[in-house]
Amino acid sequence: MGAYVVRRMIAAVILLLIVTAATFVVFFLVPRLAGATPEDLASRYVGRTASPAVIHQIAVKLGFTDPIWVQYGRFVKGLVLGADYSTGPTTVHCPAPCFGYSFLTQNPVLPDLLDRLPVTMSLAAGGAAIWLVAGVSTGVISALRRGSVFDRAAMGVALAGVSLPIFFTGLLALAIFSYWLGITAPGGSYVPIQENPLRWAYSLLLPWITLAFLYAAAYARLTRAGMLDTMGEDFIRTARAKGLPERTVVLKHGLRSALTPILTIFGLDLGLLLGGAILTESTYSLPGIGKYSVDAVVNNDLPKVLGVVLVGSIFIIAANLVVDLLYAVVDPRVRT
Amino acid sequence: MTTKRRAAALAALAALVLVACGGPGTGGANSGVLGGIHNPSDTRGGTLRYANSGDWDSLDPADTYYGYSWNFARLYGRALVMFKPAPGAQGATLVPDLAESLGRSSDDAKSWTYTLRPGVKFDDGTPVTSKDVKYAVERSLDKTTFPNGPTYFNDVLDLQGYTSPYADPDPDKLGLKAIETPDDRTIVFHLRKPFSGFDYLAQIPATMPVPRAKDTGSKYKEHVVSTGPYLFQTNELGKRFTMVRNPQWDPATDPNRHPLPDTITVDLNVNADDIDNRLLAGDLDVAIEGSGVGPSAQGRILGDQGLRASTDSALVARLWYTAINPDVAPLDNIHCRKAVLYAADRVGYQRAYGGGTGGEIATNLLPPVIPGAQRFDLYPSPKHLGDIAKAKDELAQCGQPNGFTTGISYRAERPKEKATAEALQQSLARAGIKLEIKPYPLADYLKLYAGKPDYAKANNLGLIVYGWGADWPDGYGFLAQIVDSRVIRSTGGNSNLGIKDPAIDQMLDQALVTADTAAREQIWLGIDRKVMEDAFVLPGVWAKGLLYRPPNLTNVFISDGFQMYDYLTLGTTRR
Amino acid sequence: MPGMSGQGREGTAIQGRSLWQIAWGRLKRDRVALAGGGVVVGLMLVAIFAPVIVAVLGHPPLEFHYDKIDPDLQVPRGHFGGISPDFLFGAEPVNGRDVFSRVVYGSRISLLIAFLATLLSVLLGTVAGVIAGYFGGWIDTLISRTMDVFLAFPLLLFAIALAGVVPDRAFGLAGDTLRIALMVFIIGFFSWPYIGRIIRGQALSLREREFIDAARSLGARSPRILFTEMLPNLAAPILIYSTLLIPTNILFEAALSFLSVGVRPPTPTWGGMLSEATHWFQIAPNFMLFPGLAIFITVLAFNLFGDGLRDALDPRSR
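Chains as they are written, first to last, in the numbering used here: chain A, 1 to 336; chain S, 1001 to 1575; chain G, 2001 to 2318.
These aren't lab readings, by the way, just hints derived from the structure by calculation. Check before you lean on any hint, since a few could be wrong.
[What the hints assert, rightly or not] Now the in silico label distances, taken between C-beta atoms and shown as ranges: (1) G:P2232 - A:E233: 19 to 25 Å; (2) A:E233 - G:K2028: 26 to 32 Å; (3) S:D1057 - A:I176: 34 to 40 Å; (4) S:A1281 - G:L2045: 57 to 63 Å.
Glycine included, each C-beta is placed from N, C-alpha and C at the ideal position.
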């Protein structure tokens, strides 16, 4: 088992390096293909009074004139050892792990990301709790009462749920609940949990529900299908034949085995949540990583984009790793 | 000595012109009821809550170039002079702040002297000296460290090659020869060429003193040392900051400020529509950008008499316009440029900015709120809807009888500019001028795209949607950065998007040595007319902002200096 | 598993009907799926005949109608965004464009990009999946690891970043054509591993089956086996996942347009309309509602049809 874990960890790190390298290549090549010179890139970071000579000097200083692998090497080195950046006369040290340094806002990227992480975490945690509970319970009830009015209605809503884009449900929810009925917080009113837990929950209620609606729908469908499969299996029949109460059969035997694949998917979905966070945070203007990444893209702030891609990839790869390791614990055959 | 009187005359005249222009909302003076002040009060206490839909360029006084920021900076910093915190036209007059009096100039207006008030301290208790002011101006010259601020001091001071205190061999980092500090209370500026309006430069936040011991270059914005009535209690960049009273600020040294709230909070990067909703819900007191509410809130407010009564319409010294780029063929031909001016539907332009609430249809450059401005229309059309026959006639003279195709750029994050581009695409098509719409990211619009001559030319950006607000309400403050061809830099970052006429440059130079205000205003008018004759600019809208005033806000008025609520005087009844 | 090995060859004598016939029989009885399919066909017709529909029921999608707009508020006059027989979905704020026409034209962009992107990712995914699954060994390892890399990308972020930096003119394309090609490339190129993984799994299990062995022992060469033996047997999963990928791609395109990196104005897109509606939805709800509903109905229809198709072709999943 230990060897397996080490092997998987190494694979994850290599994967991460490849992903960042690919990101690096794409974002450094595309502007150059579009005809931007290193001086063009540097000119964004100097004042309006700079002469071409000064701009060239800055481009050299920032390393924009170096070949791409040198620049990537510097990025990786910064990750491991930290880096020093200086646009002007002052030098800023970016301690390891240095996720890059934004020349536009003149600050390292990592503190920014860590600063916004709690918002995205809050969104993800609340949303995930709601969708897991709502989705799984709906799925179980639907499966048990297959064909009933509840089943049909729930599955209808679930299908609608997976067909609705977050930025439409979000706007619709804002229009109805915040502006028309006035019972939920308007967009952009995020309050940190340490400041006021109640207002924190109030400000996130609508985003949670919006995000959860999409996923709950998918989970309800998955749980229902899983439960229907399991409840037809032999061991359930055996359990019933042994005279166990139906409640025990369903919850202890049926749900447990139906839940395993759901939890797998849950792990992977959490890793992929950045995509959902981008749209939810944009719609509700929450100051999280998603909004940050959109702002970074809009401002063409490459180091920030790279930093967010790195964080996003870390989440995905970590989620995959955790899921794989859990699988290995459950099923030793996987460890090959 | 004569200059002081001249400045006073200028101020008086400005007041006169503004008052003559008419009552609230119609143009001219931004004055409301009750001597111009809503909800007058001198009750102290409470928390005043601001929100910003974006973020400051920087809180560092050396590195900021937004009107709202200059307005707000007076809460935590004292420049040599300042706009008087008073309603309407009075707000556009300059009064001494850190200095005892306005600048005293030499007879040739090439050197300016200020004497500091005694007893002013930084928030750590250190006394402020003229060297702190000099150091502050010096560091503002370093546009690599502080790229956002204006470049006026770079342009007018006799730098003799000085670039930055950070590269200064002088042990005290005070090596700039253009500024002298003969003693701790006296500061003298030496200019490259005469500049009769130097007091306007002395009100720029760059003259707010900075203690060298606390200067951390580009990181100073995180811990700005205050000289004003408030200091930073917390400062989370990009998110929010809180200010509380500065115990070291002594009202005896400051006749202009009467700060009311105990605490000021500012939320950053809040969605603009949400700011409006929170304002209307009483969840927020001021939208700090002062550019007026968005379309949704405008609809709600105008449809409700009660809400409507709590608004002010601020006539802003800002022109939304579209530059006609003479680098791009066939717009290098004046007749093709004139065709654009005739074909454009100005009503559509105005609608893009929110109709009559968003501003008045502009027919020339200088916004009416600027002293001496006059309206004229060289390209008249019935009801401003455009004159297609005239446009086609100009096209024929240009040798393009069937029209032509060119690009129109706008800033992608600005829905109103997008609406402008789409509206112009429709209205110019009537004359056969076809437009390809090209959005660019706001952040790099001037630096890499529309404001970079090579790029604009290569990418066929014949029309460039843009807007410009006066740095201060005066012809120079409005025109200098957009019509002077000598400020166009091939490296990009230009705000002059293609106005190139030596005659205009010459008039600008002449204005700077013209001492008489009325004569100077005539020159500004002449420049305005010349730009229109050359057909370099399609004027769109002289902006107005619909400002909402929550009921708990006290001491509210619009200052003509900033054309928004004066942030120095605001108070709140909310406890 | 009689259904899977169908397509004549073996088992024909027992069944007498092909997989496709059985599936069609099942699909015919699934009224919900048929309704979804009907809507899908209808939407395609709308997209194809958009100019005709708009000529009869609306106004040109780029035409301004200032007379429909209240000059003070900049919102359409009349109830609920000015809905009338003349303007079925009301007018757009500020410029009075016909929302109905823009929604109809929006379907073209939406469906075109979704179809082409799906085609691209299915092509890439199938080729990669079949090769990986059939050959195994280091080829499989290489392709599978490549897929891992793609799946580890924060897709949406990458897409908006990429779509944001591509210039006006590139690869000999410009304007809408360039943006559409770009969207197709981004969406298609980054989502092929999802289908690739599934096809690889299927190919892996097919490889072990007798009829492939038989073909191999008869001396058939790899390309022949791939195309004549494997692909026909993979047709069902490919079809199912293509149908289910289309709605995902429609949502993806809408998200990119919503984040202002899609096809450029003034060309109407559903996501783009929603993005503009964020400034207006409190006072002109029609402008948000109709493009949103268009996305919803389209995606729902594809999902219903895709679900039905899967149930029909692969009854185990029911």
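Now for the hints, and whether the structure bears them out:
no., hint, result
1, G:P2232 - A:E233: 19 to 25 Å, "violated (32 Å)"
2, A:E233 - G:K2028: 26 to 32 Å, "holds (31 Å)"
3, S:D1057 - A:I176: 34 to 40 Å, "holds (37 Å)"
4, S:A1281 - G:L2045: 57 to 63 Å, "violated (46 Å)"
Of the numbered hints listed earlier, those contradicted by the structure are 1, 4.
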